[in-house]
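Residues per chain, in single letters:
Number of protein chains: 2
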Amino acid sequence: MRQIYTFMKDTLSIIAQRKSVRHYTKIPVASEQIDILLRAAMAAPSAKNLQGWEFIVITDREKLDYIGERVATARMLLMAPVAIVVCGNVTKYTGESQMNWVVDCAAATENILLAAESVGLGAVWTASYPYADRMAVVRAATGIPIEIMPLCVIPLGYPVKDEPVKDKWRPEKIHYNQW
Amino acid sequence: MRQIYTFMKDTLSIIAQRKSVRHYTKIPVASEQIDILLRAAMAAPSAKNLQGWEFIVITDREKLDYIGERVATARMLLMAPVAIVVCGNVTKYTGESQMNWVVDCAAATENILLAAESVGLGAVWTASYPYADRMAVVRAATGIPIEIMPLCVIPLGYPVKDEPVKDKWRPEKIHYNQW
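Top to bottom, those sequences are chains A and B.
Using the working numbering, the first residue of the first sequence is number 2, and each one after it goes up by one.
Using the working numbering, the first residue of the second sequence is number 2, and each one after it goes up by one.
Honestly, the hints are just simulated from the structure, not real lab data.
Owing to the predicted nature of the structure, the values given are computational and were not obtained by experimental measurement.
Take the hints with a grain of salt, since some may be wrong.
The list treats identical chains as interchangeable, and a pair is accepted whether it falls inside one copy or across any two copies.
Unchecked claim - Dumping the calculated EDC-like pairs for lysine to aspartate or glutamate here, alpha-carbon to alpha-carbon at most 20 Å: (1) Lys167 with Asp36; (2) Lys174 with Glu148; (3) Lys27 with Asp66; (4) Lys169 with Asp36; (5) Lys49 with Asp168; (6) Lys93 with Glu173; (7) Lys49 with Glu164; (8) Lys49 with Asp134; (9) Lys20 with Asp163; (10) Lys174 with Asp61; (11) Lys27 with Glu70.
With the rest of the complex left out, here is chain A (with noise of 0.2 Å):
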């Protein structure tokens, strides 16, 4: 536990602090680590607390590496020593409210991203929804049925480099009570 509490911050400068990491070096990442995130990722809020959310954790080589050569933005998998899919059950959801799981699904890996960056891995969110091509290549990587949706692929590992941290602040982006 001792090295896991050196790199905890408060959650602010986690969140200002969480960048894309695209480069990871050999080092393994224990398992207690990736139930870490898993369990970030299941604190997550979820439309009518369906928690329709499934995670599949990839560490099989090759698996990684059919994702990395086939999805341009996911060639960081060829690297990365493990990886969380996110995935939707979209049978959970019905109706007008199908297109929940998207939004669940989001929450939980902006969570599996702070996650990460408070415990000291790098990692980034490389998207399979909305891309029909990227889901089918996930699918045929870890033979998820088709009621299950890939939202995105997160290849995790230790960060070669310190990655520089994006300044987004707009506050042209804030309206007042009225647009």
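Using the hints provided, position chain B relative to the given structure of chain A.
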């Protein structure tokens, strides 16, 4: 700043403790606190770094009540001193990427909820999207143009009481390498 740091906890604890808070005291929320939440929101990742989000801070009692009276799932607005509406600008997302406004705004929303928890504010995600009737109410209250889609309204205030945290850890949702 003192008061803010009093509430600071490590990120994993804040993620685990975040809960939906639906009852608020009449204590006003300082605009500096709202700015902290909006900074957190804009620190979220976004597809192709498009940052297609917009935020409406509502403090106008009539507008808060207008939405609270018309959207059953957002009744808490009748009690809340302030709310943030998280919106997506769909003109930023073209072709196959169109649905990314939902993804990006959901990540920004989760950051707001975690930042609120970390500074001692109560908050709850009340969905506007994907519900046509709720979105129409938010549009009427705020005057957002047609290309701006409201994802959710987040009532905010100091919590009346300690709200329980749900244990949503479901290890059966974790799959290894293969479904």
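We went through each hint and held it up to the structure:
In this homomeric assembly, Lys167 and Asp36 come within 20 Å of each other (Cα to Cα) only across copies, at 18 Å, whereas the closest approach inside a single copy is 28 Å. For the identical chains of this complex, Lys174 and Glu148 are inter-copy neighbours only, at 14 Å across copies versus 36 Å inside a copy, given an alpha-carbon limit of 20 Å. In the homo-oligomer, the alpha carbons of Lys27 and Asp66 lie at most 20 Å apart inside one protomer (15 Å), although the nearest pairing across protomers, at 55 Å, exceeds that limit. In this assembly of identical chains, Lys169 and Asp36 lie within 20 Å of each other by CA distance solely across copies; the values are 14 Å between and 30 Å within a copy.
Proximity of Lys49 to Asp168 under the C-alpha cut-off of 20 Å is restricted to the inter-copy arrangement: shortest distance 15 Å between copies versus 34 Å within a copy. For the homomeric pair Lys93 and Glu173, the shortest alpha-carbon distance between copies (16 Å) is at most 20 Å, but the shortest distance inside one copy (38 Å) is not. With identical chains, the CA atoms of Lys49 and Glu164 are at most 20 Å apart between copies only, with a shortest distance of 17 Å across copies and 37 Å within one. In this assembly of identical chains, Lys49 and Asp134 lie within 20 Å of each other by CA distance solely across copies; the values are 17 Å between and 31 Å within a copy.
Within a single copy, Lys20 and Asp163 get their C-alpha atoms as close as 10 Å, which meets the 20 Å cut-off; across copies the closest is 32 Å, which misses it. Taking CA atoms no more than 20 Å apart as the test, Lys174 paired with Asp61 passes between copies only; the shortest distance there is 19 Å, against 42 Å inside one copy. With identical chains, the CA atoms of Lys27 and Glu70 are at most 20 Å apart within one copy only, with a shortest distance of 19 Å there and 56 Å across copies.
In summary, this structure violates none of the numbered hints.
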